[in-house]
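A.B. asks: Sequence:
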Amino acid sequence: MAVIDFRSDTVAMPSPEMRQAMVTSPLGDDVFGDDPTANRLMEVAADRMGKEAATFVPSGTMGNLIGIAVNAQRGEELIADADSHTFYYETAGAAAVCGVQIRPIPTDAGVMSGRQIVDAVRPRDDPHQPISAAVTFENTHNRHGGIVWPLDDLRAASDAARAQGLRVHLDGARIFNAAVALGVPAAEIAACADTVTFCLSKGLACPVGSIFCGSQEDIEEAKRWRKRLGGGMRQVGVLAAAGLIALDRMVDRLAEDHANASTSTRCRPNSSPMNAPSAACSPHRLGRGRCALSPITGSNPPTCSRRCRSARRS
Numbered sequence: 270m271a272v273i274d275f276r277s278d279t280v281a282m283p284s285p286e287m288r289q290a291m292v293t294s295p296l297g298d299d300v301f302g303d304d305p306t307a308n309r310l311m312e313v314a315a316d317r318m319g320k321e322a323a324t325f326v327p328s329g330t331m332g333n334l335i336g337i338a339v340n341a342q343r344g345e346e347l348i349a350d351a352d353s354h355t356f357y358y359e360t361a362g363a364a365a366v367c368g369v370q371i372r373p374i375p376t377d378a379g380v381m382s383g384r385q386i387v388d389a390v391r392p393r394d395d396p397h398q399p400i401s402a403a404v405t406f407e408n409t410h411n412r413h414g415g416i417v418w419p420l421d422d423l424r425a426a427s428d429a430a431r432a433q434g435l436r437v438h439l440d441g442a443r444i445f446n447a448a449v450a451l452g453v454p455a456a457e458i459a460a461c462a463d464t465v466t467f468c469l470s471k472g473l474a475c476p477v478g479s480i481f482c483g484s485q486e487d488i489e490e491a492k493r494w495r496k497r498l499g500g501g502m503r504q505v506g507v508l509a510a511a512g513l514i515a516l517d518r519m520v521d522r523l524a525e526d527h528a529n530a531s532t533s534t535r536c537r538p539n540s541s542p543m544n545a546p547s548a549a550c551s552p553h554r555l556g557r558g559r560c561a562l563s564p565i566t567g568s569n570p571p572t573c574s575r576r577c578r579s580a581r582r583s
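Heads up, the sequence shown is in this note's numbering, so the first residue is 270 and it goes up one at a time.
Just to be clear, a hint being listed does not mean it is correct.
[Unchecked claim] Taking CB as the label site, the calculated pair distances span: (1) 498 to 395: 26 to 34 Å; (2) 454 to 394: 39 to 47 Å; (3) 384 to 282: 18 to 26 Å; (4) 384 to 308: 22 to 30 Å; (5) 364 to 503: 42 to 50 Å; (6) 476 to 454: 42 to 50 Å.
None of these hints come from the bench; they were simulated from the model.
Don't be surprised by glycine CBs; every beta carbon is placed ideally from N, CA and C.
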């Protein structure tokens with residue numbers, strides 16, 4: 270009996286097409302800017318985010334750390350949701366590496382309001398307090414069940430931040446899940462931020478990697494920080510090849526993931542072979558594509574989804 274692992278979309282495996290591309294794609298030295306496959310991925314990624322440029326980083330955590338370094342100076346402050354991945358799961362990198370203090374703000378389900386941002390900004394004429402330099406948003410939101418920000422709320426929060434002179438970074442690890450759930454291009458979401466990080470190694474099924482996007486100036490600084498953090502890699506086209514296939518083939522399949530996740534959460538206890546718990550699942554909480562915390566048995570996700578639908582009818 271096969272096991273379907275619902276712990277996280279990070280357990281997704283690269284497709285046969287990805288594996289083949291990783292073997293056959295042309296390579297070069299990415300630190301020198303000579304890897305044609307990596308360069309092509311950066312062009313495609315920047316275009317998908319509506320940004321001028323992009324750079325490959327080994328992980329989303331590094332991408333977010335670079336986002337802090339690019340948008341705030343040592344001794345300044347970053348405003349973030351109190352349950353954000355940046356504050357909760359990134360080992361105090363903002364302080365340890367960038368010398369930036371995080372001001373955690375409790376929010377309603379991870380959605381920060383413009384008023385909360387305005388209230389969190391420090392008075393610049395008070396020498397006792399740090400300068401508020403930037404704010405980070407997370408969409409979809411990990412610790413709030415994969416909730417997707419309503420686009421109007423994200424725009425309002427971004428406008429409020431920019432009106433206060435803050436730079437905006439978007440932790441868009443699963444931005445394509447948000448885009449699919451909202452029915453908009455990812456660039457519409459990314460337009461609310463100066464810089465954005467998104468992951469290739471989650472629902473898009475790549476083995477490794479994230480992309481950091483922003484202006485040309487931001488990316489030049491990001492590459493310096495990437496090198497400083499040990500993230501400059503050589504023949505990175507081996508990984509970028511999978512990323513190109515992910516952006517070309519896998520994004521549209523996220524709707525299928527959402528549908529399967531929604532169906533699985535509606536199974537009644539003991540009413541299906543999965544023994545899945547009963548759960549209410551809002552359409553705006555499907556961004557993460559993960560609706561259970563432990564592996565379950567079944568032949569494959571579509572089969573389990575069909576069994577769930579069948580159990581609901583019985």
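A.B. asks: Determine for every hint whether it applies to the structure shown.
C.D. replies: Status of each hint after checking the structure:
| no. | hint | verdict |
| --- | --- | --- |
| 1 | 498 to 395: 26 to 34 Å | 33 Å, holds |
| 2 | 454 to 394: 39 to 47 Å | 41 Å, holds |
| 3 | 384 to 282: 18 to 26 Å | 44 Å, violated |
| 4 | 384 to 308: 22 to 30 Å | 43 Å, violated |
| 5 | 364 to 503: 42 to 50 Å | 31 Å, violated |
| 6 | 476 to 454: 42 to 50 Å | 26 Å, violated |
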